[in-house]
Each structure stands twice: as structure tokens, then as C-alpha cells.
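Trainee: Counted from 1, the sequence shown has number 27 at position 26 by this note's numbering; the numbering is strictly sequential.
Among the hints, erroneous ones may be present.
Unchecked claim - Each computed DSSO-like pair below joins lysine-lysine, with the alpha-carbon atoms no more than 30 Å apart:
1) K48 <-> K3
2) K3 <-> K45
3) K5 <-> K48
I should point out that these hints are in silico values taken from the structure, not numbers from a laboratory.
Since the structure is predicted, the reported quantities are computational estimates derived from the model, not experimental observations.
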Amino acid sequence: MKVKDMKSIIQDLDDEVDIEVNSVWDEEKQELTPSSCEAFYHEKDNKVYITPEVIAM
Numbered sequence: 002m003k004v005k006d007m008k009s010i011i012q013d014l015d016d017e018v019d020i021e022v023n024s025v026w027d028e029e030k031q032e033l034t035p036s037s038c039e040a041f042y043h044e045k046d047n048k049v050y051i052t053p054e055v056i057a058m
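Can you make the complete structure from the sequences, with help from the hints?
Mentor: Laid out in C-alpha cells, this is it:
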């Protein structure tokens, strides 16, 4: 995903809308469920990294 893709998704959203990453498998629901996350820009790689707080293994 490129920054322009993300901008098109979030362009009309309020600044207070949460961003979560689907990263936890729910056996009961048989689907991925959201986890809150942190994000940062890595200047050397020129990439934004989004890391969920909980990761399914």
C-alpha cells in the first residue's frame, strides 16, 4: 500500500478515528479481529511501519 492509497481511504475521516490492524485470529468467529497499533516513519527505508499491539502466531 502506498501513502496515496491510505490518504484516499482516510481523507474524509475525523482526526479522532481509531486505526486498528486485523491481526488476531478469533477461533470462535473464524475471522481476524482488530488490535490497536502504533506506527512510525523510518527515514532510511522511506516506509511507514504499522505494528499491532497483539499479533496472532
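Trainee: With reference to the structure, classify each hint as holding or not holding.
Mentor: Evaluation of the provided hints:
A C-alpha spacing of about 9 Å is found between K48 and K3, which places the hinted pair at or below 30 Å, so the restraint holds. Between K3 and K45 the CA atoms are separated by roughly 17 Å; this keeps the pair inside 30 Å, and the hint holds. For the hint linking K5 to K48, the alpha-carbon distance of about 13 Å falls within 30 Å, and the restraint holds.
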